[in-house]
Amino acid sequence: MATSTDPSAPPDVSGSGQTPLLEVDDLHVEFRTREGVAQAVNGVSYTVDEGETLAVLGESGSGKSVTAQAIMGIIDSPPGFVTGGSVRFRGRDLLSLPESERKSVRGSSIAMIFQDALSALNPVFPVGWQIAEMFRVHRGMSRSAARKQAIELMDRVHIPAARDRVRDYPHQFSGGMRQRIMIATAIALDPAVLIADEPTTALDVTVQAQIMTLLRELQDDSGMGLILITHDLGVVADVADRIAVMYAGRIVEQASVGDIYAAPAHPYTKGLLESIPRVDLKGHDLSAIHGLPPTLTRIPQGCAFHPRCRYAEDVCRVERPPLHEVAPGRTSACHFSEEVLSGAR
Amino acid sequence: MPADIGPAGQNSGDAAPASPTGQPLLEVRDLAKHFPLTSGAVFRRRAGQVQAVDGVSFDLRKGETLGVVGESGCGKSTLAKLLMRLEEPTRGEVRLNGRNIYDLNGKALRALRRNVQMVFQDPYSSLDPRMTVGDIVGEPFDLHPEVVPKSGRRRRVQELLEVVGLNPEHINRYPHQFSGGQRQRIGIARGLALRPEVIICDEPVSALDVSVQAQVMNLLASLQKEFGLSYIFIAHDLSVVRHISDRVAVMYLGKVVEIGSDEQIYEHPAHPYTQALLSAVPVPDPSVRGRRQQIILAGDPPSPADPPSGCRFRTRCWKATEKCAEEEPALITRPGTDHDAACHYAATREDVVVHHG
Ligand SMILES: Nc1ncnc2c1ncn2[C@@H]1O[C@H](COP(=O)(O)OP(=O)(O)O)[C@@H](O)[C@H]1O
Ligand SMILES: Nc1ncnc2c1ncn2[C@@H]1O[C@H](COP(=O)(O)OP(=O)(O)O)[C@@H](O)[C@H]1O
Ligand code: SF4
Ligand SMILES: [Mg+2]
Ligand SMILES: [Mg+2]
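Going down the list, the protein sequences come from chains A and B. When we follow this note's numbering, the leftmost residue of the first sequence carries the number 1, and every step to the right adds one. When we follow this note's numbering, the leftmost residue of the second sequence carries the number 1, and every step to the right adds one.
Simulated from the structure, these hints should not be mistaken for laboratory data. Where is the CB? At the ideal position from N, CA and C, for every residue including glycine. Warning: the hint list may mix true and false statements.
[As the list claims (entries may be wrong)] In the SDA-like style, the derived pairs of lysine to any residue whose C-alpha atoms are separated by at most 20 angstroms in a straight line are:
| # | chain 1 | residue 1 | chain 2 | residue 2 |
| --- | --- | --- | --- | --- |
| 1 | B | Lys81 | B | Lys150 |
| 2 | A | Lys148 | A | Pro126 |
| 3 | B | Lys62 | B | Asp237 |
| 4 | A | Lys282 | B | Ser206 |
| 5 | B | Lys225 | A | Gly283 |
| 6 | A | Lys282 | B | Gly63 |
| 7 | A | Lys103 | A | Val166 |
| 8 | A | Lys282 | B | Glu267 |
| 9 | B | Lys62 | B | Glu197 |
| 10 | A | Lys282 | B | Val353 |
| 11 | A | Lys103 | A | Pro126 |
| 12 | A | Lys282 | B | Gly228 |
| 13 | B | Lys62 | A | Gly283 |
| 14 | B | Lys225 | A | Leu281 |
| 15 | B | Lys81 | B | Asp135 |
| 16 | A | Lys282 | B | Asn218 |
| 17 | A | Lys282 | B | His268 |
| 18 | B | Lys62 | B | Glu139 |
| 19 | B | Lys81 | B | Leu109 |
| 20 | B | Lys62 | B | Gln224 |
| 21 | A | Lys282 | B | Glu263 |
| 22 | A | Lys282 | B | Leu223 |
| 23 | B | Lys319 | B | Ala305 |
| 24 | A | Lys282 | B | Leu109 |
| 25 | A | Lys282 | B | Ala221 |
| 26 | A | Lys282 | B | Asp237 |
| 27 | B | Lys225 | A | Pro126 |
| 28 | A | Lys282 | B | Val283 |
| 29 | B | Lys225 | A | Val166 |
| 30 | A | Lys282 | B | Lys319 |
| 31 | A | Lys282 | B | Ser239 |
| 32 | B | Lys225 | B | Arg61 |
| 33 | B | Lys225 | A | Asp285 |
| 34 | A | Lys282 | B | Leu219 |
| 35 | A | Lys148 | A | Val166 |
| 36 | B | Lys150 | B | Arg114 |
| 37 | A | Lys282 | B | Asp262 |
[To be verified] Which stretches of chain B does chain A cover? Using the computed rule of at least three CB atoms under 8 angstroms from a CB of chain A, they are:
| # | region |
| --- | --- |
| 38 | 210-218 |
| 39 | 240-254 |
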């Protein structure tokens with residue numbers, strides 16, 4: 001059984017003991033809608049360090065994007081409100097900063113890219129102009145210097161014939177090229193943290209491979225911390241150092257990528273991993289997780305996963321399992337984590 | 001040039017897999033669909049054409065699942081619509097139980113419409129939000145009243161809901177009251193209503209989360225067993241396609257570039273495009289990281305309005321020579337390979353394939 005007492009203060013698993021680059025601590029976000037209050041984020045804590053890739057994994061609606069929007073300070077408010085917790089960048093709490101200071105953090109210290117590059121880019125301005133704007137606004141560069149920098153960046157994200165294409169508009173580029181342009185805009189000011197929210201979900205697999213290769217290359221060059229939000233268990237296995245698995249607005253498991261895939265400690269993670277088609281499962285049923293994720297206006301009592309969980313017992317219906325350490329460097333929020341991890345159950 | 005026009009499999013190891021047997025249910029021969037491209041706002045002039053599907057041939061046997069993979073824009077949905085006769089072909093034919101579906105009209109066309117059904121990707125936009133689930137699933141009976149007498153319809157719809165794992169008591173609910181996975185089940189129940197022989201699934205699980213995707217895949221597999229259905233299963237997720245398919249066709253820019261059993265395609269891919277595609281799929285196992293050859297293709301696929309001469313893949317292919325620009329490679333089995341691939345230099349390559357588990 002779990003021994004940790006305070007679910008809001010998970011043990012430090014980063015191991016370094018130093019201030020993490022970015023630290024999300026007990027974050028709460030809710031949306032006050034006509035149907036009720038949707039508890040989108042319910043005490044999320046994670047950290048990312050320099051040069052590290054943290055994958056945030058979870059099904060749609062689990063609160064991955066809202067957490068990222070809270071970090072960036074771009075939550076749609078109303079109806080969305082941060083109701084608790086902190087987001088510290090190099091030890092400084094961003095949530096208590098005035099908007100003007102927050103703005104300067106956005107882009108220059110922490111930047112974000114989105115799934116849908118076409119709607120994130122402005123359709124009426126040439127792409128080069130949009131990249132150059134970062135330098136004009138944040139760095140006060142002249143138009144021509146900013147334009148030169150924009151072309152250099154387009155080169156850096158491998159847009160062919162950058163000099164000729166700097167005046168083209170977003171719709172004149174393919175999906176993959178538009179994602180490169182958004183990446184160029186995001187890395188323009190050399191941010192310390194890049195949040196990539198499903199950056200390849202809308203792209204074909206060969207283009208996805210190009211974009212993931214580019215992100216890795218940029219990270220190797222700059223040492224930025226990368227928060228990769230995705231629901232793709234393949235992408236995670238390929239690029240992540242650590243994983244935080246989310247369910248119904250909470251982290252249910254956090255561990256290094258190798259540990260999680262070798263032996264998950266939470267029934268939800270186990271269910272996810274078992275539902276991927278594998279060669280040796282051909283001709284057999286996949287082991288699906290039965291049922292559906294909860295409605296966020298009515299999250300089940302106790303463990304939010306209990307209605308779908310094949311390990312659930314009475315305690316799960318009444319007592320919320322805290323995120324606690326189950327092995328060095330890994331945490332899980334299940335009353336039976338130790339048994340799940342050891343395969344005893 | 002058209003060596004690829006001949007019946008699929010005539011040269012090849014494209015033999016029927018062990019379980020599905022007999023005469024092909026569906027024979028697709030040199031099927032093509034070119035869409036006119038128009039320009040000018042006032043006087044629409046024809047300005048070329050998009051070769052969305054161009055010379056596709058394959059067979060589908062009873063009880064068999066043929067997977068179709070390829071990147072967006074390669075013609076998968078157009079192929080599906082041609083097979084449903086929702087589009088008329090530019091050339092070629094599709095024989096269902098021996099009869100060309102494009103020659104049918106009247107009663108025979110109605111029978112075709114019964115016999116071949118479709119399940120779409122987006123369960124939301126393909127269901128009318130103002131109709132109840134009962135109306136949606138029962139609608140095909142309006143067009144084919146001979147299938148179930150009016151008095152028995154409600155019961156039949158409830159049976160169908162039960163078959164796909166929905167609560168029959170929810171017959172009066174509306175689509176928005178269901179989750180994505182449940183809406184996909186509604187679409188499947190509707191597809192089953194007329195007891196078709198063939199169901200064409202166009203990205204049926206692509207919009208679903210992985211745990212729900214597994215539920216729908218299991219459902220499709222069990223329905224196939226129960227009703228002896230044949231599937232054309234279109235998807236861009238290669239592992240999903242492998243799981244459900246007996247044979248797989250790989251498409252690039254309107255053409256089938258490789259076709260074979262799931263084992264042939266996934267374990268011994270012979271076409272460079274298939275090899276690149278397989279190598280790009282991330283393997284959900286961190287312990288194989290860096291252990292496989294990743295082929296990163298340069299650039300984007302060319303426009304189907306202006307496809308490259310010869311082999312359509314040559315502009316992105318690392319093996320391409322003069323010959324590839326001049327001569328279109330036939331979809332045949334070449335020495336050293338055991339299935340059909342449309343590449344002059346087709347050669348099995350296994351270093352792109354890595355398993356996990
Ligand atoms: N603008 C909004 N208005 C109301 N509710 C929202 C809004 N954005 C997000 N939510 C709620 O937050 C939940 C989590 O959303 P999100 O973080 O986007 O999930 P995901 O894990 O798919 O990224 C959603 O299910 C929804 O209930
Ligand atoms: N009705 C149409 N008119 C013109 N072009 C079309 C039409 N439908 C599809 N196309 C074009 O045909 C090509 C193949 O499209 P599609 O069959 O939808 O591909 P896929 O389903 O593989 O993504 C694309 O270039 C697409 O733009
Ligand atoms: S706490 Fe209980 S219900 Fe929740 S995951 Fe663990 S066993 Fe399942
Ligand atoms: Mg999201
Ligand atoms: Mg399509």
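Here is what the structure says about each hint:
1. B:Lys81 - B:Lys150: Not OK: Lys81 of chain B and Lys150 of chain B at ~30 angstroms, beyond 20 angstroms, violated.
2. A:Lys148 - A:Pro126: This hinted pair holds, its Cα atoms lying about 14 angstroms apart.
3. B:Lys62 - B:Asp237: Violated, at roughly 24 angstroms.
4. A:Lys282 - B:Ser206: Distance ~19 angstroms between Lys282 of chain A and Ser206 of chain B Cα, so the pair holds.
5. B:Lys225 - A:Gly283: Within the cut-off at roughly 11 angstroms; holds.
6. A:Lys282 - B:Gly63: Cα-Cα ~16 angstroms, so holds.
7. A:Lys103 - A:Val166: 26 angstroms, violated
8. A:Lys282 - B:Glu267: 14 angstroms, holds
9. B:Lys62 - B:Glu197: 8 angstroms, holds
10. A:Lys282 - B:Val353: 17 angstroms, holds
11. A:Lys103 - A:Pro126: Violated - the C-alpha atoms of Pro126 of chain A and Lys103 of chain A are around 23 angstroms apart, more than 20 angstroms.
12. A:Lys282 - B:Gly228: 18 angstroms, holds
13. B:Lys62 - A:Gly283: 17 angstroms, holds
14. B:Lys225 - A:Leu281: 17 angstroms, holds
15. B:Lys81 - B:Asp135: Violated, because 24 angstroms separates the two Cα atoms, which is more than 20 angstroms.
16. A:Lys282 - B:Asn218: 11 angstroms, holds
17. A:Lys282 - B:His268: Holds. Lys282 of chain A to His268 of chain B sits at ~17 angstroms (cutoff 20 angstroms).
18. B:Lys62 - B:Glu139: 26 angstroms, violated
19. B:Lys81 - B:Leu109: 15 angstroms, holds
20. B:Lys62 - B:Gln224: 10 angstroms, holds
21. A:Lys282 - B:Glu263: 11 angstroms, holds
22. A:Lys282 - B:Leu223: The hint holds at about 16 angstroms.
23. B:Lys319 - B:Ala305: 24 angstroms, violated
24. A:Lys282 - B:Leu109: 36 angstroms, violated
25. A:Lys282 - B:Ala221: 11 angstroms, holds
26. A:Lys282 - B:Asp237: 15 angstroms, holds
27. B:Lys225 - A:Pro126: Not satisfied, since the Cα-Cα distance of roughly 55 angstroms exceeds 20 angstroms.
28. A:Lys282 - B:Val283: Given pair Lys282 of chain A, Val283 of chain B holds - Cα atoms ~16 angstroms apart, limit 20 angstroms.
29. B:Lys225 - A:Val166: At roughly 56 angstroms apart (the allowed maximum being 20 angstroms), Val166 of chain A and Lys225 of chain B break the hint.
30. A:Lys282 - B:Lys319: 33 angstroms, violated
31. A:Lys282 - B:Ser239: 10 angstroms, holds
32. B:Lys225 - B:Arg61: 14 angstroms, holds
33. B:Lys225 - A:Asp285: With a Cα-Cα distance of about 12 angstroms, the restraint between Lys225 of chain B and Asp285 of chain A holds, given a limit of 20 angstroms.
34. A:Lys282 - B:Leu219: 14 angstroms, holds
35. A:Lys148 - A:Val166: Holds. Lys148 of chain A to Val166 of chain A sits at ~10 angstroms (cutoff 20 angstroms).
36. B:Lys150 - B:Arg114: Status holds; Cα separation ~17 angstroms.
37. A:Lys282 - B:Asp262: 10 angstroms, holds
38. 210-218: holds (count 8)
39. 240-254: Contact hint for the region 240-254 of chain B vs chain A: holds, 3 residues under 8 angstroms.
The structure does not agree with the numbered hints 1, 3, 7, 11, 15, 18, 23, 24, 27, 29, 30 stated previously, though it agrees with the rest.
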